[in-house]
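Chemist: With the hints as extra help, turn the sequences into a complete structure.
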Amino acid sequence: MDVEILARVQFAFTIGFHYIYPPLSIGLGLILVILEGLYLRTGDRIYEMAVRFWIRIFALIFGIGVATGIIMEFEFGTNWATYSKYVGDIFGSALAAEGIFAFALESGFLGILIFGWNRVGPRVHFFSTIMVFFGSLFSAVWIVVANSWQQTPAGYHIVGEGLNARAEITDFWAMVFNPSSVDRLLHVWIGAILAGAFLVLSVNAWYILHKKHLTIARPTFKIALTVATVFSLLQLYIGSRSADGVARYQPAKLAAMEGHYDSSDKADMYLLGYVNNRREKTLGLSIPGGLSFLVHGDFKTPVPGLRSFKPEDRPSQVNSVFQFYHLMIILGVSMIGLSLLGCWLWWKKKLFDHRWLLWIFAWSVVLPQLANQAGWFTAEMGRQPWVVYGMLRTSDALSKVVTAHQIVFSLILFTIVYIVLFALFLFLLNRKIQHGPVDYGTKETIEGGARRDNPLLEHEQAV
Amino acid sequence: MQTFLGLDYNLWWFLVFGAVISGYAILDGFDLGAGSLHLFLKKEQSRRIAMNAIGPIWDGNEVWLVIGGGALFAGFPVAYAAIFSAFYVPFMIFLVGLIFRAVSIEFRSKEPWPWWRRSWDIVYCAASIIISLSLGLMLGNVVEGLPLDRNHEFTGDWLSFFNPFAILVAITTLALFMMHGAIFLTMKTENRLFVKLHVLANNFIIFFVVSFVITTLYTLLYIPHLSDFFKGHPIYFLIPLLMTLSIANIPRQVKIGKYRFAFISSVITIALLLIMVALEVFPYLLYSPQIPANSITVYNAAASAKTMKILLVMALVGTPLVGIYTSFVFWTFKGKVQLDEMSY
Numbered sequence: 001m002d003v004e005i006l007a008r009v010q011f012a013f014t015i016g017f018h019y020i021y022p023p024l025s026i027g028l029g030l031i032l033v034i035l036e037g038l039y040l041r042t043g044d045r046i047y048e049m050a051v052r053f054w055i056r057i058f059a060l061i062f063g064i065g066v067a068t069g070i071i072m073e074f075e076f077g078t079n080w081a082t083y084s085k086y087v088g089d090i091f092g093s094a095l096a097a098e099g100i101f102a103f104a105l106e107s108g109f110l111g112i113l114i115f116g117w118n119r120v121g122p123r124v125h126f127f128s129t130i131m132v133f134f135g136s137l138f139s140a141v142w143i144v145v146a147n148s149w150q151q152t153p154a155g156y157h158i159v160g161e162g163l164n165a166r167a168e169i170t171d172f173w174a175m176v177f178n179p180s181s182v183d184r185l186l187h188v189w190i191g192a193i194l195a196g197a198f199l200v201l202s203v204n205a206w207y208i209l210h211k212k213h214l215t216i217a218r219p220t221f222k223i224a225l226t227v228a229t230v231f232s233l234l235q236l237y238i239g240s241r242s243a244d245g246v247a248r249y250q251p252a253k254l255a256a257m258e259g260h261y262d263s264s265d266k267a268d269m270y271l272l273g274y275v276n277n278r279r280e281k282t283l284g285l286s287i288p289g290g291l292s293f294l295v296h297g298d299f300k301t302p303v304p305g306l307r308s309f310k311p312e313d314r315p316s317q318v319n320s321v322f323q324f325y326h327l328m329i330i331l332g333v334s335m336i337g338l339s340l341l342g343c344w345l346w347w348k349k350k351l352f353d354h355r356w357l358l359w360i361f362a363w364s365v366v367l368p369q370l371a372n373q374a375g376w377f378t379a380e381m382g383r384q385p386w387v388v389y390g391m392l393r394t395s396d397a398l399s400k401v402v403t404a405h406q407i408v409f410s411l412i413l414f415t416i417v418y419i420v421l422f423a424l425f426l427f428l429l430n431r432k433i434q435h436g437p438v439d440y441g442t443k444e445t446i447e448g449g450a451r452r453d454n455p456l457l458e459h460e461q462a463v
Numbered sequence: 001m002q003t004f005l006g007l008d009y010n011l012w013w014f015l016v017f018g019a020v021i022s023g024y025a026i027l028d029g030f031d032l033g034a035g036s037l038h039l040f041l042k043k044e045q046s047r048r049i050a051m052n053a054i055g056p057i058w059d060g061n062e063v064w065l066v067i068g069g070g071a072l073f074a075g076f077p078v079a080y081a082a083i084f085s086a087f088y089v090p091f092m093i094f095l096v097g098l099i100f101r102a103v104s105i106e107f108r109s110k111e112p113w114p115w116w117r118r119s120w121d122i123v124y125c126a127a128s129i130i131i132s133l134s135l136g137l138m139l140g141n142v143v144e145g146l147p148l149d150r151n152h153e154f155t156g157d158w159l160s161f162f163n164p165f166a167i168l169v170a171i172t173t174l175a176l177f178m179m180h181g182a183i184f185l186t187m188k189t190e191n192r193l194f195v196k197l198h199v200l201a202n203n204f205i206i207f208f209v210v211s212f213v214i215t216t217l218y219t220l221l222y223i224p225h226l227s228d229f230f231k232g233h234p235i236y237f238l239i240p241l242l243m244t245l246s247i248a249n250i251p252r253q254v255k256i257g258k259y260r261f262a263f264i265s266s267v268i269t270i271a272l273l274l275i276m277v278a279l280e281v282f283p284y285l286l287y288s289p290q291i292p293a294n295s296i297t298v299y300n301a302a303a304s305a306k307t308m309k310i311l312l313v314m315a316l317v318g319t320p321l322v323g324i325y326t327s328f329v330f331w332t333f334k335g336k337v338q339l340d341e342m343s344y
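These protein sequence lines map, in sequence, to chains A and B. Numbering-wise, this note's numbering puts 224 at position 224 of the first sequence, and it's gapless, one number per residue. Numbering-wise, this note's numbering puts 208 at position 208 of the second sequence, and it's gapless, one number per residue.
No wet-lab data here; the hints were simulated from the structure. It cannot be assumed that every hint is accurate.
[Claimed, not checked] The calculated EDC-like cross-link candidates involving lysine to aspartate or glutamate, where the alpha carbons are at most 16 Å apart (straight line), are:
(1) B:K110 <-> B:E44
(2) A:K432 <-> B:E341
(3) A:K400 <-> B:D149
Small disclaimer: the values here were computed from a predicted structure and weren't measured.
Modeler: Structure below.
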């Protein structure tokens with residue numbers, strides 16, 4: 001296989017695997033802040049047990065997120081050296097900013113979040129929890145800024161030619177606030193919060209189904225349901241703003257997302273379908289003129305189709321882009337439906353009466369995960385054949401000195417390592433969930449020598 | 001060329017990058033050292049304490065690597081591109097080492113079964129050793145230089161990374177980290193474990209001094225150009241001299257039980273070693289011995305002056321912030337390790 005395909009597969013695989021974890025950190029971070037805030041405000045031990053349980057889960061998720069994230073930072077240099085030289089000025093600054101302003105904050109306070117419960121006062125601990133949450137939000141800022149610049153470059157000029165050409169910053173803030181940054185950042189943040197909220201919903205639904213930890217599971221479920229409802233509805237609006245941005249700045253990507261070829265006619269919006277890129281035809285269930293309405297506000301005005309772009313400037317995997325995009329929307333709508341149904345039953349005071357619904361909630365953790373992955377596949381495959389939209393082609397961005405053998409070697413290595421990691425992650429997550437929240441006793445009883453009654457410590461000491 | 005306080009931006013960024021890398025070596029150095037000597041500790045309780053000594057802080061220490069990567073990418077993109085694509089294979093092994101180090105700390109405590117914990121102990125120790133050795137190996141090769149073409153692309157073969165000098169640097173790095181880690185652990189432990197670590201620290205000091213002397217002799221005999229700088233600027237001989245004193249001070253402080261001073265000496269030793277490396281290689285980031293004109297320097301690899309300026313502002317704003325909360329976290333977990341229900 002050629003180096004370009006291998007390097008792309010490797011990037012997609014490593015980033016896709018990594019992206020399971022940071023959104024969960026952001027989303028769980030918000031839940032931790034809410035739970036610990038409630039604990040400080042009410043003094044109710046239920047919230048203490050809940051927050052300390054979720055801190056343990058958070059630690060596991062964060063650990064794997066860090067481990068897989070470091071790979072990403074260096075993969076640009078190893079596999080995409082030409083790209084790195086080309087965008088170092090811009091992309092590099094964003095990564096450096098992420099390291100110093102976001103990741104350092106997050107990792108620094110993480111120690112206190114996880115290990116500091118008995119070491120610092122409750123307010124300092126709460127402050128650390130908030131800092132970890134902010135750190136994860138800031139991380140997303142710089143990563144999304146860097147990626148948005150690849151989608152809609154701004155605030156730069158090109159210096160040099162051929163192999164030595166590169167983009168240099170002319171206006172830092174124009175680079176940061178490039179046309180798609182803000183919408184995409186909000187879109188990513190909300191996707192991440194939904195990932196956290198649905199994880200909490202899932203686990204608590206499972207507890208309620210098995211009649212375990214009910215005093216903790218019910219209030220936590222309601223908190224997560226509130227978060228899920230608010231943010232899944234908000235995502236509908238933010239997501240459509242993102243689509244508007246694509247229509248304005250990346251017309252070829254928009255055309256691929258809807259499998260739209262003909263520029264002279266009104267453009268349809270598909271609910272489901274299949275794109276035959278060879279025959280340039282899309283079949284499926286559609287709203288006639290829907291895409292025209294999204295872009296122009298009426299159902300008649302034509303929208304540029306894929307035929308108006310040179311074949312070498314179109315994404316090659318149109319059907320994949322189409323399917324990922326529609327999968328994301330279907331998942332987004334199902335999250336809205338599910339959370340609204342939950343809220344309605346909550347209002348009717350029947351939230352926990354239907355086992356089938358709780359089973360759906362117990363599995364709902366996969367919805368935001370798949371939606372997040374599908375969204376990124378849409379964004380990144382839809383940007384092809386460009387790595388920096390309209391400026392640098394993916395095929396030109398590779399490392400010149402890296403051979404296919406080396407990439408195959410590292411791809412096999414990462415595949416094995418990540419399969420092992422994922423299996424261990426699921427195993428440990430499951431064990432932690434089975435184990436459930438623990439009553440650690442109040443600080444006074446612990447200090448009073450009652451530590452041995454702590455079931456966790458007991459099994460530690462037995463070893 | 002734009003300047004700040006009399007030095008040009010490129011030199012400033014080289015100093016910042018060097019400081020970040022030194023910070024990483026000093027901070028993650030003791031984590032890696034503690035990891036590398038992990039299997040010398042035999043009891044479950046000892047291993048738990050040793051792991052919890054770095055538990056709350058290793059993650060923050062690893063951030064310095066992330067910042068260093070970003071600093072190189074942003075300030076010297078050409079060097080970032082050339083170095084990481086050239087070191088493809090050793091770097092991938094380094095990264096896998098980092099993954100396993102991270103997850104072994106995280107996973108080990110999650111199950112009480114002895115086989116589970118013993119397996120993660122081995123993974124943890126092996127990963128720490130592999131990380132230290134591969135770091136040293138890459139450092140050795142960077143110091144020696146790599147064959148580069150006109151576009152600053154690596155033209156050699158990855159098997160050539162395993163040359164005697166680089167292997168010596170790798171072993172010295174491991175020895176240095178093990179010494180550093182053992183001294184760190186003496187500050188965090190009590191009773192019999194503490195006594196054991198005191199003995200281990202002494203052994204690793206010998207290991208380090210021996211490998212350091214051999215590496216130095218090898219450099220003077222076979223790679224004479226690396227000492228050109230010091231021959232040309234005799235005043236800078238002060239640095240190796242200071243470093244020798246600092247190294248000599250380590251066993252002295254360990255002997256009289258002043259572990260904190262021993263640790264500070266060990267920190268100073270790492271910093272001076274890296275300063276020497278920086279002086280020897282500057283202005284090269286990656287030297288090309290065959291065709292020196294193809295070398296990557298802090299000038300031909302640099303980002304634009306505008307970016308350099310933005311980066312320097314970021315460093316000026318960010319460094320004090322990182323300093324404040326890092327000190328706060330270290331202060332929170334100061335003193336001997338106490339295990340509680342949240343510990344690993």
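Chemist: For every hint, state whether the structure bears it out.
Modeler: Here's how the hints hold up against the structure:
Note on K110 of chain B and E44 of chain B: the hinted pairing holds, with a Cα-Cα distance of about 14 Å set against a maximum of 16 Å. A distance of roughly 14 Å separates the Cα atoms of K432 of chain A and E341 of chain B; the hinted pair therefore holds under the 16 Å criterion. Distance hint between K400 of chain A and D149 of chain B is fulfilled; the C-alpha atoms sit about 11 Å from each other, no more than 16 Å.
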